[in-house]
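Asker: Read off the chains here:
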Amino acid sequence: MEKDLKKVTAAQVSQETESEKKKALYNQYVGQMTPKHSWFKNLCRAWLIGGLICVLGQALTNLFISQDMQKDQAAAYTTICLILLAIIFTGFGWYQRLAKFAGAGSVVPITGFANSVAAPAIEFKKEGQVFGIGCKIFNIAGPVILYGIFSSWLLGVIYWIWTLFQ
Amino acid sequence: MEKKLNKRKGSQSLEFTNPPVILSTACVVGKKEGEGPLGAYFDQIEEDPMFGGKTWEDAESKMMFRTANLALKKAKLESKNIRYLVGGDLLGQLIATSFGVESLEIPLIGVYGACSTMGESLAVASVLVDGGYADRAMAITSSHFAGAEKQFRFPLAYGNQRPLAATWTVTGSGAVILGDETNTVLYSGHKVHVRAVTFGKIVDYGVKDSMNMGACMAPAASSVIAAHLRDFNLIPAYYDKIVTGDLGSVGKDILIDLMRQEGYDISKNHMDCGIEIYDPEVQDTHSGGSGCGCSAATLCGYLMNHLKEGKWKRILFVPTGALLSPVSFNEGQSVPGIAHAVVLEAV
Chain A
243 MEKDLKKVTA AQVSQETESE KKKALYNQYV GQMTPKHSWF KNLCRAWLIG
293 GLICVLGQAL TNLFISQDMQ KDQAAAYTTI CLILLAIIFT GFGWYQRLAK
343 FAGAGSVVPI TGFANSVAAP AIEFKKEGQV FGIGCKIFNI AGPVILYGIF
393 SSWLLGVIYW IWTLFQ
Chain B
3 MEKKLNKRKG SQSLEFTNPP VILSTACVVG KKEGEGPLGA YFDQIEEDPM
53 FGGKTWEDAE SKMMFRTANL ALKKAKLESK NIRYLVGGDL LGQLIATSFG
103 VESLEIPLIG VYGACSTMGE SLAVASVLVD GGYADRAMAI TSSHFAGAEK
153 QFRFPLAYGN QRPLAATWTV TGSGAVILGD ETNTVLYSGH KVHVRAVTFG
203 KIVDYGVKDS MNMGACMAPA ASSVIAAHLR DFNLIPAYYD KIVTGDLGSV
253 GKDILIDLMR QEGYDISKNH MDCGIEIYDP EVQDTHSGGS GCGCSAATLC
303 GYLMNHLKEG KWKRILFVPT GALLSPVSFN EGQSVPGIAH AVVLEAV
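Residue numbers (the numbering used here), protein chains in the order written: chain A, 243 to 408; chain B, 3 to 349.
Rather than coming from a laboratory, the hints here were simulated on the basis of the structure.
Note that the Cβ used here is the ideal one computed from N, Cα and C, for glycine as well.
Among the hints, erroneous ones may be present.
With a Cα cut of at most 27 Å, we get these calculated DSSO-like pairs of lysine-lysine [as the list claims (entries may be wrong)]: (1) Lys342(A) - Lys152(B); (2) Lys210(B) - Lys248(A); (3) Lys378(A) - Lys210(B); (4) Lys210(B) - Lys342(A); (5) Lys378(A) - Lys342(A); (6) Lys342(A) - Lys313(A); (7) Lys342(A) - Lys270(B); (8) Lys249(A) - Lys270(B); (9) Lys210(B) - Lys249(A); (10) Lys367(A) - Lys56(B); (11) Lys278(A) - Lys152(B).
Which residues of chain B face chain A? A few of them, derived with a C-beta cut under 8 Å, are [as the list claims (entries may be wrong)]: (12) Arg155; (13) Phe156; (14) Asn162; (15) Gln263.
Throw the hints in and build the complete structure from the sequences for me.
Answerer: Printed below as a string of structure tokens:
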């Protein structure tokens, strides 16, 4: 579109009489006026913190293997330890500070998932065990669980159909 | 009957023929607001974010109750001396207000205008006093950071990055007691009157970003300020300050730009409570403060102080509200804005 080529001015927005066009122009104008986080800086921070969380996970796994654990068992214990750590961090309000710096670096690992379950549990505790914690604990993580299970089921079906033709 | 007609001005404004006088104002804020640049102007700064309550909602109610009582005390009045209370807050069904003021037993007119509530309640209370329907009326509002985050965004402990255009909800409450000419004003300095009001329309420019409230509200602010200036045939310089509620730094730039299109330059005397209340560098608040308490506490502390001391003679107070609902937002609707303009004059 032609208007994408150049900057939208406030004059263009106010002169536009057609409501839908005016809204589109205004949104474009707002985009120009709004400062954004530097994606490159965010990328580096996410890589650093996300990487460090993974290093911690690897260190734990190595530790458990050195204690004569099987690889599968060590992986499970690592996950449990990371989740526990994230929940403790959430309880003290530290995870939030970490996430402010790390962005996706702290959201993507399992620790981010743990945080997204623990945070509503703390917040909605006051609304009761059933209607508070019970109903709202998966407020944020709910979609991940639902669509995670759904997509694994879907992939399972696709895999099953594929095996029929083998 | 002639008097009645004279009160109407232009298309959406009214001018008081018996301008209500502000008998007292009170503001109570949280710790973060107390540490901000306006800290010295607030009546009370509470270190405890729970205000001695059990939940965030309870905390906000307690804060509002304390503010109402402080305003009464400063005017040497009791709650039975107030004929009507006009108030509201951000929480669903105005629960901060209903639980906050219930024990005062003042007839209540609950209003919702999102963060523009102070303008709305002040305007309605002024109309009641000017019309002779009340000898004294109180306008009150509040907001609490944690309660607002919980209702509109994420639980507090959830880790995410706030966009740079996002604002920080002010933990604060402000109350204004208005009276007719039969009342005596106890504070020293200039008496402050409410002279006129312009009620704003809902203005929706189709912004769907709930983390950029300044952009949602700026067109509404521009619309009501321009309407006010047209209705009274004024130029922006007539006011020492044109004070918007919580546009923040992003909204401020947009407002000034939009006002130029209306033919008015407000760049010299525009001020935004949201920008004034925090130090964005030190306090990490990004675009500025927001919430009902932002404009209310700034009015009752900083702005009133400047009017009483004669530093400003006349201001246009324009609290701005983004009518955000988590329901309509999830259903794909935009965030409409609203703003109301109130003329405060020191005599």
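Asker: Would you mind marking each hint as holding or not holding in the structure?
Answerer: Evaluation of the provided hints:
no.	hint	in the structure
1	Lys342(A) - Lys152(B)	18 Å, holds
2	Lys210(B) - Lys248(A)	22 Å, holds
3	Lys378(A) - Lys210(B)	25 Å, holds
4	Lys210(B) - Lys342(A)	23 Å, holds
5	Lys378(A) - Lys342(A)	23 Å, holds
6	Lys342(A) - Lys313(A)	33 Å, violated
7	Lys342(A) - Lys270(B)	35 Å, violated
8	Lys249(A) - Lys270(B)	25 Å, holds
9	Lys210(B) - Lys249(A)	20 Å, holds
10	Lys367(A) - Lys56(B)	12 Å, holds
11	Lys278(A) - Lys152(B)	24 Å, holds
12	Arg155	11 Å, violated
13	Phe156	7 Å, holds
14	Asn162	6 Å, holds
15	Gln263	4 Å, holds
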